[in-house]
Every structure is written in C-alpha cells, then in structure tokens.
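Chemist: Those protein sequences? They're chains A and B, same order as listed.
Just so we're aligned, residue 1 is where the first sequence starts under the working numbering, counting upward by one.
Just so we're aligned, residue 112 is where the second sequence starts under the working numbering, counting upward by one.
Treat the hints loosely; a few may be bogus.
A few chain B positions that, by computed beta-carbon distances, are all more than 10 angstroms from chain A [what the hints assert, rightly or not]:
{"no.": "1", "residue": "L125"}
{"no.": "2", "residue": "N143"}
{"no.": "3", "residue": "S157"}
{"no.": "4", "residue": "S185"}
{"no.": "5", "residue": "S196"}
{"no.": "6", "residue": "T220"}
Short derived list, chain A residues pointing at chain B, Cβ under 10 angstroms [as the list claims (entries may be wrong)]:
{"no.": "7", "residue": "N71"}
{"no.": "8", "residue": "A72"}
{"no.": "9", "residue": "F74"}
{"no.": "10", "residue": "Y98"}
{"no.": "11", "residue": "F102"}
FYI, nobody ran anything at the bench for these hints, they're computed from the structure.
Quantities reported herein were computed from a predicted structural model and do not represent experimental measurements.
C-beta atoms are modelled at their ideal positions from N, C-alpha and C, and glycine is treated no differently.
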Amino acid sequence: DAGVIQSPRHEVTEMGQEVTLRCKPISGHNSLFWYRQTMMRGLELLIYFNNNVPIDDSGMPEDRFSAKMPNASFSTLKIQPSEPRDSAVYFCASSLGYTQYFGPGTRLTVL
Amino acid sequence: KNQVEQSPQSLIILEGKNCTLQCNYTVSPFSNLRWYKQDTGRGPVSLTIMTFSENTKSNRRYTATLDADTKQSSLHITASQLSDSASYICVVSEGNNNDMRFGAGTRLTVKP
C-alpha cells in the first residue's frame, strides 16, 4: 500500500484565494483525520470522519474552513478565503483502530 | 494551560547513549496515550499506544511507560542512533469523547 496520499505537497497562494487540500486514505481504513501543524501551536486536530461521516469538527478554526469526505477513498479540506495566518503544514491521517497513519503533509503558504 | 506537558523541550545526546523523554498530563478521564516520532519534513509516525491498564510497551529500542496514578509517561530510547533525531510528540485522549490533547513535543538531536 502506498500509505496516505496528500496533494499538493506544497501550495503557495495569495490572501483571499480559495485553497483545496486533498487526501486519499489507506484502503480499508474507516477513520480519517485532518491536522494542522505550526511552530507556534504545534499539532492540532481540525476534524475527523468515521465511515465518511464527520464526527468532531470542533477543531475547525472558523467558517472559512470546510472538510468533506464524499467516499471512503477521498477527502478534501477547503479554506475560503485564505489568510496569512492559515500558513501551516496540513496533515491527513487514517486509521482502522487506534493507530493512525499520517500522510506526508501539505505545506501551505498564504502571502 | 496545556493539558499535556512534555520535557525537555529539546535534548542533544551522543550516538549510542540512552535518553528519557517525559510527558505529564492532566487530561481526565483518561482513555489512551500515544507517542509519535516526527522526522523533519515528514508526518508523525506512531511508536506506541497505551491504555489505562498498560504500564509499559516496547517498540524496538523505544520503551514507553505509563503511570496513570501520577499521570506521567516516559519514552526511553536505548542505544540511540543518528536516525533517532526527530521530534517526539505525546498525545493523550480523553475518555468520554476521545478528544486528543497534544504535547508540544521534544526535539531530540543525536550527534556522532
């Protein structure tokens, strides 16, 4: 298995633009997590899905952030409009049971 | 105040030496505690996960301990290697809703 796949790996955009991050979980996993990591705040859980259903989105910073999981093999995290403070590395992870497997991350820079 | 405190913030050791990283938490009720290793520029990788009833778990040269009474965990690395240089993150899950609380991590550097 290729592991969790994220795209793009790097994204540079201007303030106000829409950004869409993509994630393909490991086949057979039933939970998917979106995290954000910055130097200041460390790793933060944004939202997680179980069997494609959002379970807890209390970590989503504000209405500019939205996440979808239309099927078991794909999820998106959208930021609209983006702001400089959204600059961070965004990780997707999937699991079947306790152990989570992280993707390589998307490094987002908002100018 | 963060509910998961890790110490030290950073650590430098020589190759071949052992070291111990600490994680103290106030999360209650407790569900489980995980240790992750994160190499620079990569996603975290799970090392161990312990539930309330487990007080030690090993994964190759990594040994995690848990004292649920004092709410402390440690990660002991034996015979360190250069590849152990990474950030080590402690994550504690709450019992009721499985909310995860993250430590800020310990940055370990192993020098030759």
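Chemist: Hey, is B/L125 genuinely clear of chain A, shortest beta carbon separation above 10 angstroms?
Modeler: It holds; B/L125 is separated from chain A by about 27 angstroms at its closest Cβ, greater than 10 angstroms.
Chemist: A closest beta-carbon separation below 10 angstroms is what the hint needs, so does A/Y98 meet it against chain B?
Modeler: holds (5 angstroms)
Chemist: Looking at B/S157 again, its CB stays over 10 angstroms from all of chain A?
Modeler: violated (5 angstroms)
Chemist: Given a cut of 10 angstroms on the nearest C-beta pair, is the interface hint for A/N71 held or broken against chain B?
Modeler: violated (22 angstroms)
Chemist: Should the interface hint for A/F74 be scored as holding, given a Cβ-Cβ cut-off of 10 angstroms against chain B?
Modeler: Violated, about 18 angstroms.
Chemist: Does the no-contact call for B/S185 survive, Cβ to all of chain A over 10 angstroms?
Modeler: holds (20 angstroms)
Chemist: Holds or violated: is the Cβ of A/A72 closer than 10 angstroms to a Cβ in chain B?
Modeler: With Cβ-Cβ at 20 angstroms, over 10 angstroms, it is violated.
Chemist: With 10 angstroms as the threshold, tell me whether B/N143 passes as away from chain A on beta-carbon distances.
Modeler: Violated: least Cβ distance 7 angstroms, not greater than 10 angstroms.
Chemist: When you look at the beta carbon of B/T220, is every beta carbon of chain A farther off than 10 angstroms?
Modeler: Non-interface label stands for B/T220: nearest chain A Cβ at 17 angstroms, farther than 10 angstroms.
Chemist: Find the nearest Cβ of chain A to the Cβ of B/S196 and say whether that gap is larger than 10 angstroms.
Modeler: holds (18 angstroms)
Chemist: Just to be careful: measuring from the Cβ of A/F102 to every Cβ in chain B, is the smallest value less than 10 angstroms?
Modeler: Result: holds, 3 angstroms to nearest chain B Cβ.
Checked against the numbered hints given earlier, the structure breaks hints 2, 3, 7, 8, 9 and satisfies all the rest.
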